[in-house]
Amino acid sequence: MTTQKDPTELNAPKRSNADYLGPSRWESVSHLKTELKKKPSYTAKDFLGKMVWNWIYHYVKSRFGKKHPYPAWDATDSGVYAIMPEQAGEAIRIAIASDWATDTDESFAIAERMANHNPHFTIHVGDTYYVGAPHEVRSNFTDEGAPWPKGSAGSFAVLGNHEMYARGAAFFETLLPAMGIRNGEGRFAGQKAGYFCLETPHWRILGLDTGYHSVGKPLLEFLPFFKPDCKLDEKLMDWLKNTVRFADANDKRGLLILTHHQFISAFNKESEYMKPASQLGALLGKDRKVLWLWGHEHKLSFFSKTQLKDSPQVYGRCIGFGGTPVEIGGKSFQMSNKLKGYEKLVAVDRRRNKKVEDVEVGFNGYAV
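Per this note's numbering, the sequence shown starts with residue 3, numbered consecutively.
Please note that a few of the clues may not be correct.
[As the list claims (entries may be wrong)] Derived pair list, reagent style DSS-like, types lysine-lysine, alpha-carbon separation capped at 27 Å:
(1) K340 - K307
(2) K346 - K291
(3) K233 - K219
(4) K311 - K69
(5) K340 - K229
(6) K271 - K243
(7) K291 - K69
(8) K357 - K254
(9) K243 - K357
(10) K288 - K342
(11) K288 - K311
(12) K68 - K277
(13) K194 - K271
(14) K311 - K243
(15) K311 - K233
(16) K342 - K307
(17) K233 - K69
(18) K277 - K340
(19) K357 - K311
If you're looking for bench data, these hints aren't it; they were derived computationally from the structure. Quantities reported herein were computed from a predicted structural model and do not represent experimental measurements.
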């Protein structure tokens, strides 16, 4: 592991758990919250007065412009890494969190617990709150004393929708250069694209990007008919086909897929993003079994084997409970029999942890 400072030396969390109660997926609300939290001494009244134009400026700048160009791996770095244990016979430890980057006491505690496993690799499966702004990326990941725990051999990230609320600029320009494989000098080589593959003789672990195409046209994106499908980008698909050789039927290694957005859901107010599963199925075929971990929904849930349309056979898990409050009594925990994942749900963690401003919340966590 990289050296971790004593928790008392880490940057103090600038936000409280209560700041994330009832989180909105609307970009405009997320921008509003960011402006309020840049200077915690301000109140909503202050914002509606002298700070309103500041918020409008940042929202318009973010939503009414081009996305950051989509980077791809190249001949100098393929984004496919063969990983080996430091000592023969030792297990490779990988700690994974999603929806973690909230800059709260809870996210600091989760980071500390991840670090206690002495992971060789750490992976963030998307969402830096509220809008993936530069100062939010720096505070959670790259500033001196930032809480994100980097693995002794490397650290990686994939996009969520929140990083794209600011068009992905801070994710690609600030976060990714600080990630990647750790070289012999102890430096992180940088992650040139928002997806990657770690492989052993028995497993392939792929972090794939559903975030870049998770936001649509401003204003229209709020309408159900124009909802983005979170498709895998053409550059990513080309990489899977020609670099990873994902369609090789002779490669029998196990597959662990990591994306921010869910393939299926069983919960009210949530969507099912089947386009990426269909794209993967076109390469893998219907008989291939994969383990798929996703975030986005702020809970821990488990699904039985699921195959829909052209998808592979998926064993799904939601691990989107890294740093945001898990509102076990909220609408996001209500079941919906209209969703395809309804009958596939095996378990969901509804354990009570504490109350935050009279709201029952569950436990935050991560996967190892």
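Hint by hint, here is what the structure shows:
no., hint, verdict
1, K340 - K307, "18 Å, holds"
2, K346 - K291, "16 Å, holds"
3, K233 - K219, "15 Å, holds"
4, K311 - K69, "31 Å, violated"
5, K340 - K229, "18 Å, holds"
6, K271 - K243, "34 Å, violated"
7, K291 - K69, "34 Å, violated"
8, K357 - K254, "47 Å, violated"
9, K243 - K357, "48 Å, violated"
10, K288 - K342, "18 Å, holds"
11, K288 - K311, "9 Å, holds"
12, K68 - K277, "23 Å, holds"
13, K194 - K271, "34 Å, violated"
14, K311 - K243, "21 Å, holds"
15, K311 - K233, "16 Å, holds"
16, K342 - K307, "12 Å, holds"
17, K233 - K69, "15 Å, holds"
18, K277 - K340, "18 Å, holds"
19, K357 - K311, "41 Å, violated"
Of the hints listed earlier, those the structure fails to meet are numbers 4, 6, 7, 8, 9, 13 and 19, in rising order.
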